[in-house]
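Participant: Sequence:
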Amino acid sequence: MLIIDDEKALRCGLAGYLKSIQSPFDEIITASGGHQALSYIDQHAVSAALVDINLGDMNGLDLIELINRRYPDMLIVIISGFDDFDFARRAIKLKVLDYLLKPIPRSDLKKLMIAFQQCLINDKRTVVDEGTSRSLAMNVKDYIETHYSEKGLSLSQVASALFVNEGYLSRQLKQTYGRTFSEYLIEYRIQKAQELLRNLTLQYTVTAIANKVGYEDPHYFSRLFRKKTGFSPVQFREHAEPLPNSNRE
Numbered sequence: 036m037l038i039i040d041d042e043k044a045l046r047c048g049l050a051g052y053l054k055s056i057q058s059p060f061d062e063i064i065t066a067s068g069g070h071q072a073l074s075y076i077d078q079h080a081v082s083a084a085l086v087d088i089n090l091g092d093m094n095g096l097d098l099i100e101l102i103n104r105r106y107p108d109m110l111i112v113i114i115s116g117f118d119d120f121d122f123a124r125r126a127i128k129l130k131v132l133d134y135l136l137k138p139i140p141r142s143d144l145k146k147l148m149i150a151f152q153q154c155l156i157n158d159k160r161t162v163v164d165e166g167t168s169r170s171l172a173m174n175v176k177d178y179i180e181t182h183y184s185e186k187g188l189s190l191s192q193v194a195s196a197l198f199v200n201e202g203y204l205s206r207q208l209k210q211t212y213g214r215t216f217s218e219y220l221i222e223y224r225i226q227k228a229q230e231l232l233r234n235l236t237l238q239y240t241v242t243a244i245a246n247k248v249g250y251e252d253p254h255y256f257s258r259l260f261r262k263k264t265g266f267s268p269v270q271f272r273e274h275a276e277p278l279p280n281s282n283r284e
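Its first residue numbered 36, the sequence shown is counted upward by one per residue in this note's numbering.
Derived from the structure by calculation, the hints contain no laboratory data. None of the values given here were measured: they were computed from a predicted structure. It is possible that some hints are incorrect.
Said to hold, decoys possible - Below, simulated PhoX-like cross-link-like pairs (lysine-lysine); rule was C-alpha separation at most 20 Å, straight line:
| # | residue 1 | residue 2 |
| --- | --- | --- |
| 1 | K247 | K176 |
| 2 | K145 | K176 |
| 3 | K176 | K128 |
| 4 | K43 | K137 |
| 5 | K130 | K186 |
| 6 | K146 | K130 |
| 7 | K137 | K176 |
| 8 | K247 | K263 |
| 9 | K263 | K227 |
| 10 | K247 | K227 |
| 11 | K54 | K43 |
| 12 | K186 | K176 |
| 13 | K54 | K145 |
| 14 | K146 | K54 |
| 15 | K54 | K176 |
| 16 | K128 | K186 |
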């Protein structure tokens, strides 16, 4: 955490006290002005900052705006000797965590450390949850691309294979790739069918291609193919560019 205040006695006193109580921070550093603070933040990982409004080299609210643009995840608390409505109103717009008036009671500082700790725990959980969601969605994608040719491939089958709830799995796939399970499966199957139709060496029939990409009914496959591409499988083969190294026998 970084304490930014041009009053040496105050910033050092705050730092000394906060180091003596329980807090979620490994280090508590001080800066006497906005430029020194920005230089430090640019070179170190800073989770939170206490910012005085009246700094010697810049306005504290302007500094917070700069920090918000560069480091939007940093938690900010304003410390000020002025109980000014305009300052408070602008602080709300800057989405600061709190606005504390000097002199700051020790009880308020203890409460602030608890609030910081809770915010940081929630942030970590969010990062973990997002990483888990991406990883799960990638597993679904890999499963589809490995098993797309299986007849009757379903969301319940994939959910069972990955040991997760169907609804949860569907939400994570939609959130990560913007598609439902069914949409992704159909798109991938049509893509593989297009590759087979463009292969002039193999010359598979439409029925054979339908079976190879997981459809038992070639008529259903043809209707689905036309809906997705605007062409029937035969028309697509006639108009599509052949795959490289694919020659008509």
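Participant: For every hint, state whether the structure bears it out.
Facilitator: Results for each hint:
no.: 1; hint: K247 <-> K176; result: holds (18 Å)
no.: 2; hint: K145 <-> K176; result: violated (47 Å)
no.: 3; hint: K176 <-> K128; result: violated (41 Å)
no.: 4; hint: K43 <-> K137; result: holds (14 Å)
no.: 5; hint: K130 <-> K186; result: violated (53 Å)
no.: 6; hint: K146 <-> K130; result: holds (19 Å)
no.: 7; hint: K137 <-> K176; result: violated (55 Å)
no.: 8; hint: K247 <-> K263; result: holds (18 Å)
no.: 9; hint: K263 <-> K227; result: holds (13 Å)
no.: 10; hint: K247 <-> K227; result: holds (9 Å)
no.: 11; hint: K54 <-> K43; result: holds (16 Å)
no.: 12; hint: K186 <-> K176; result: holds (17 Å)
no.: 13; hint: K54 <-> K145; result: holds (11 Å)
no.: 14; hint: K146 <-> K54; result: holds (15 Å)
no.: 15; hint: K54 <-> K176; result: violated (48 Å)
no.: 16; hint: K128 <-> K186; result: violated (55 Å)
The structure is inconsistent with the numbered hints 2, 3, 5, 7, 15, 16, although it conforms to all the rest.
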